[in-house]
Amino acid sequence: MKKSQFLKFTLSAIFFIMSVIIAFGQQDLSATDIVKKADDNMRGKTSQADITIKIIRPTWSREMTMKAWSKGDDYSMILITSPAKEKGTVFLKRTKEVWNWIPSIERNIKLPPSMMSQSWMGTDFTNDDLVKEASSVVDYDHTLLGKDSVLDKDCYKIQMIPKPSAAIVWEKVIVWIDILDYLQLKAEFYDEDGALVNIMNSSDIKVLGGRKITSKIEMFPVDKKGNSTVIIYNDIVFDVPINDNFFTTRNMKQLK
Amino acid sequence: MLLKLAWLNIWRNKRRTIITATSVFFAVLLAILFRSLTDGIYDNMIHNVVSYSSGYLQIHQRGYWDEQSIDNTFEEDEQLYKELLKNQNVAYLIPRLQTFALASYADKTKGVLLLGIDPAKEKMVNKLHEKIIDGEYIETINEKVVVLGEGLASQLKLKVNDTLVLLGQGYHASSAAAKYRVKGLIKLGAIELNNNVVYMPLKQSQLMHGAENRLSSVSVMLDKTKNLERLKESLLYSINPDLYEVMTWKEMMPELDQFIEADSTAHYIIVGVLYFIISFGLFGTLLMMIFERKHELGILIAIGMKRRLLVIILLLESILISLIGCFAGIIAGVMVVKWFTIHPIHLTGEIKQVYEEYGIESIIYFSSQEKIFVVQTLIVLVLSILLAFYPGYKVMKLKPVEAINS
Chain A
34 MKKSQFLKFT
44 LSAIFFIMSV
54 IIAFGQQDLS
64 ATDIVKKADD
74 NMRGKTSQAD
84 ITIKIIRPTW
94 SREMTMKAWS
104 KGDDYSMILI
114 TSPAKEKGTV
124 FLKRTKEVWN
134 WIPSIERNIK
144 LPPSMMSQSW
154 MGTDFTNDDL
164 VKEASSVVDY
174 DHTLLGKDSV
184 LDKDCYKIQM
194 IPKPSAAIVW
204 EKVIVWIDIL
214 DYLQLKAEFY
224 DEDGALVNIM
234 NSSDIKVLGG
244 RKITSKIEMF
254 PVDKKGNSTV
264 IIYNDIVFDV
274 PINDNFFTTR
284 NMKQLK
Chain B
995 MLLKLAWLNI
1005 WRNKRRTIIT
1015 ATSVFFAVLL
1025 AILFRSLTDG
1035 IYDNMIHNVV
1045 SYSSGYLQIH
1055 QRGYWDEQSI
1065 DNTFEEDEQL
1075 YKELLKNQNV
1085 AYLIPRLQTF
1095 ALASYADKTK
1105 GVLLLGIDPA
1115 KEKMVNKLHE
1125 KIIDGEYIET
1135 INEKVVVLGE
1145 GLASQLKLKV
1155 NDTLVLLGQG
1165 YHASSAAAKY
1175 RVKGLIKLGA
1185 IELNNNVVYM
1195 PLKQSQLMHG
1205 AENRLSSVSV
1215 MLDKTKNLER
1225 LKESLLYSIN
1235 PDLYEVMTWK
1245 EMMPELDQFI
1255 EADSTAHYII
1265 VGVLYFIISF
1275 GLFGTLLMMI
1285 FERKHELGIL
1295 IAIGMKRRLL
1305 VIILLLESIL
1315 ISLIGCFAGI
1325 IAGVMVVKWF
1335 TIHPIHLTGE
1345 IKQVYEEYGI
1355 ESIIYFSSQE
1365 KIFVVQTLIV
1375 LVLSILLAFY
1385 PGYKVMKLKP
1395 VEAINS
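Residue numbers (the numbering used here), protein chains in the order written: chain A, 34 to 289; chain B, 995 to 1400.
Bound-form chain A, shown alone (with noise of 0.2 Å):
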């Protein structure tokens, strides 16, 4: 009787110190740590996605669909599927080049870094944010803002600031990372002289390969109105073992 009466008091006392030291821990998540978890949580160690990018325009609007497979930060893979015009065309990222397939043409390009400040495919997206976006842990600098609101839910605003190391065109960069998910629901970038460039929302939060992630990606160039870039993703599968070997320029050729 009083050692179940004993066993009950310790383990409410172990709960009770658990819970209070998971919540001083929560409490003590740096901003880094925080980017990183909801880093972690969008990427993965790999993943293979099904994705469909709608480019607007304010006179007409088009969509392509593609597929996409990622392993860690330094290689992605994407094969755009439609329309019948560009289906075939394979971007290729290893660490920081991208390379270029044009089945029509049969030739494989290096993008030179002159080209990387340019559209990728037309879209909102640079052909440098297919290359750096990954490396939002590792080459910023995280401070906590605080905590604001974005679709009603509660978010840690983070700025990040480049590491003078980086190669990085914003000056600084605002993310809205939600406190429940670890999911980043908004990013405000800025240029050197401190204007709003881009605004990134995400939402639709869905359960896709077995995580909570937000499906749908939204790019707002803040001087051209009426244009914008939506993402979304219509199935993705994480973890799924893929071989170096599948990033390279000989695969991109023979990808379906």
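Label pairs and their computed distance ranges (CB to CB):
1) B/Tyr1231 <-> A/Asn267: 48 to 54 Å
2) A/Ser147 <-> B/Phe1253: 29 to 35 Å
3) A/Ser150 <-> B/Lys1181: 34 to 40 Å
No wet-lab data here; the hints were simulated from the structure.
If you're wondering where the values come from, they're calculated on a predicted model, not measured in any experiment.
Glycine included, every Cβ here is placed at the ideal spot set by N, Cα and C.
Go by the hints and put chain B onto chain A.
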């Protein structure tokens, strides 16, 4: 009465009148020929440059010129052609799809100007097929070949029948990538074009850019440079100004316009010197006349002729002489210019080569615009009238006694 007096007076001394009239005659003739020649050269130059590049006038979708992207192209429209051709000054319409792309052969890549053309229409207007130096000209609007500038070909180290890879930006953010057989090389006078241009059949270009039936511009060719601004207005009237914009070559190629402007300023100075010399010649004969007729004029005043009337007579005399000279000058000018418009001067030798290197026909045309004749004649006439005020002034100051005794 005064006119009659003046008329009789000028024929009293025929030699003097003829000398004066002749100096006016040559002044008018020289001024007309000089202007006609320079204007003719400019017109020819403009015609040559414009027929390869922009056309005298160009029609785009509204807003294209400020943002020359393929998204600002417009749909080819037979109705538009019909409306434009209603205007009598419009000789030809040339549809084009103009874009920029990367051209690549082996491991060389270069940015190029990609011109989707209707080969038959270009042939008619600027005789593009005659500039082919190797291979052949494009035959149909749908042939899967390209023709490129000889300068560009040598930079890419490419020959006829090699395959050129083109990579650009397609319509509405689609991709534009294709490869084509090089059918011919073309040598163009304008170095910039020669080093950068790739001609391809219009339909192929539209296909490659995913821009079926779309054009970036319709160039309007005229028989002659007429009043461009007015023509622009009237064309804009006949088509929908909310949809299209019309631009003159002066707006599209201000550098050519400025060059001509600067060059013709130099010519104005030369013409100015010419007028100066002519005025002194005229002034000389007038001085002589007043000196010879001092005695006569003195008597006229002494017997009661009003000085004012005398001045008017002298002025009329001088105007009559100038008019005779001017008319003779115009007639001779018209004849010379007519002769040279029918038989233009064909340059030979070194000058011919220089001209051809710049892509300008080595032929000197004379401009036969009415404006030249009228303006030049008026200038000489005004000059001679101004000069005639000097004898008038002398008469007003003439002392009859001294004059009679001299």
